[in-house]
Each structure stands twice: as C-alpha cells, then as structure tokens.
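**Student:** What follows is the residue order along each chain.
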Amino acid sequence: GAGVSQSPSNKVTEKGKDVELRCDPISGHTALYWYRQRLGQGLEFLIYFQGNSAPDKSGLPSDRFSAERTGESVSTLTIQRTQQEDSAVYLCASSLARFNQPQHFGDGTRLSIL
Amino acid sequence: AQTVTQSQPEMSVQEAETVTLSCTYDTSENNYYLFWYKQPPSRQMILVIRQEAYKQQNATENRFSVNFQKAAKSFSLKISDSQLGDTAMYFCAFMKQDTGRRALTFGSGTRLQVQP
Chain A
80 GAGVSQSPSN KVTEKGKDVE LRCDPISGHT ALYWYRQRLG QGLEFLIYFQ GNSAPDKSGL
140 PSDRFSAERT GESVSTLTIQ RTQQEDSAVY LCASSLARFN QPQHFGDGTR LSIL
Chain B
13 AQTVTQSQPE MSVQEAETVT LSCTYDTSEN NYYLFWYKQP PSRQMILVIR QEAYKQQNAT
73 ENRFSVNFQK AAKSFSLKIS DSQLGDTAMY FCAFMKQDTG RRALTFGSGT RLQVQP
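Residue numbers (my numbering), protein chains in the order written: chain A, 80 to 193; chain B, 13 to 128.
Everything labelled a hint here was simulated from the structure, so no lab data went into it.
Heads up, a few of these hints could be off.
[Unchecked claim] List time: in silico SDA-like cross-link candidates among lysine to any residue, alpha-carbon distance up to 25 Å:
1) A:Lys136 <-> B:Gln14
2) B:Lys85 <-> B:Thr36
3) B:Lys108 <-> A:Glu123
4) B:Lys108 <-> A:Pro181
5) B:Lys108 <-> A:Arg160
6) A:Lys136 <-> B:Thr117
Bound-form chain A, shown alone (with noise of 0.2 Å):
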C-alpha cells in the first residue's frame, strides 16, 4: 500500500517568506509527527495529532511555527517568516493508534532558506 507521502520534496524559498509543507499519513494512521532534521543531526519532535484530541505542540521552537490536520487526513506545517536556522528537512511520520505501534516516515521536504 502507498506510504506517507509529503510535499514538496525540495523547497528554495527567500529569508522572510512563508513556507507550507504537506503531509499525506497511510490511510487508516491516526496518530501523525512532525519532525526536524538539521544537517548531521538526529530528528527533533516538533507536533503530534492523535485524531480529534488536541495536538501535542511541545516540540514547536518558535510562534513562526504551526501546523494543522483536518481529521485523520492530510496535515500541513507553516512556517512563517522564515529565517535561515530553519533550513533542514522535515519529516513527517504516522502510526496507527495504539502506543507501541511503529512510525513509518514519508521522505521529508528538504526546506533550504537564502
């Protein structure tokens, strides 16, 4: 079956602008991540949905940053204004809902700020 899937793959975009990323969980995931991955670096925790609760946003490092999810669906990360030490990939994952059910990663949007 079809994996995360995220969009884009690469995005160049000027110091300032806002950025959108977009993450597509495995169909039936209801638990979805967001993560950073600096060059070099392991992964950072930025949010976490689990169906209708509300969102786990203790990893966010700044207000530049929000996301969102409608549902069990597609979710969406904004970064607004962006600076240049937001330059990394982003990786978003899903799982199905019970704890100690494995993350399956889609293959990041590498976000490169000038």
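Chain A is fixed; fit chain B onto it per the hints.
**Tutor:** Same frame as chain A, now just chain B:
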C-alpha cells in the same frame, strides 16, 4: 526529559563482517520502547528493530539483533553478515510508554559504511 546518546559518529565494516553500533539513554521511566532506525541517502527513515523495555529477551530481526541492558541503559545494535545495502545513517530512538506523549527522542546518529 529523556536523552539518547550515540557516541560513534562514523563506523566502517567490511562486507560479510559483523558490526555493533552503540546507544545509551537516560530516563527515569520504567516502561518505554527503544528503536533503531536506518536512514539511507533517500532520507526515508526505516524501522530496523524495536525493543519493549519490559521484555528481557533481546529482539532480533534476521541479521539485526540488539543487546538491551536495562540497568546500564544501553541498547546496542549488532548487524551480522553486513551487506552493501546496510550503508546508511543509523539512529537510536526512545519513546515513553505514555498514551499522551508518543514523540520519539532520537540520538545524533551513526554513519555506517560497508566496504566491499
């Protein structure tokens, strides 16, 4: 807060040989899960193996096995009969057994190069 440490930034192994990647973690939790993920140049994170902390038996998946030492908070990955396709970044990750908080905490990764 949990932390995960991978002290080997890079490792190299000859094809068909065995290699062990190290991971230690720090937590006050008693119930949790540990994972090894592989990230090839394609960027996609691929789950290699996982271990439930309450299980004493070490997890195995074909050529991949772990040495889980709960008291020492150590979780190393052994790759047997290394293949060229094993070349990738390997990340150790931790997750609390908590229905409200399911984020993975990752280490900084080990780059493994399998030499022909």
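**Student:** Please go over all the hints and tell whether each is borne out by the structure.
**Tutor:** Going down the list of hints, with the structure as the test:
1. Restraint check for lysine 136 of chain A and glutamine 14 of chain B: the C-alpha separation of about 17 Å stays at or below 25 Å, so the hint holds.
2. Restraint check for lysine 85 of chain B and threonine 36 of chain B: satisfied, since their Cα atoms lie roughly 6 Å apart, inside the 25 Å limit.
3. This hinted pair checks out: lysine 108 of chain B and glutamate 123 of chain A have alpha carbons roughly 15 Å apart, not beyond 25 Å.
4. With a CA separation close to 13 Å, the supplied pair lysine 108 of chain B and proline 181 of chain A stays within the 25 Å bound.
5. The suggested pairing of lysine 108 of chain B with arginine 160 of chain A is violated, with an alpha-carbon distance near 34 Å, which exceeds 25 Å.
6. For the given pair, lysine 136 of chain A sits about 15 Å from threonine 117 of chain B by alpha-carbon distance, which is consistent with the 25 Å threshold.
When the structure is compared with the earlier hints, a violation turns up for hint 5 alone.
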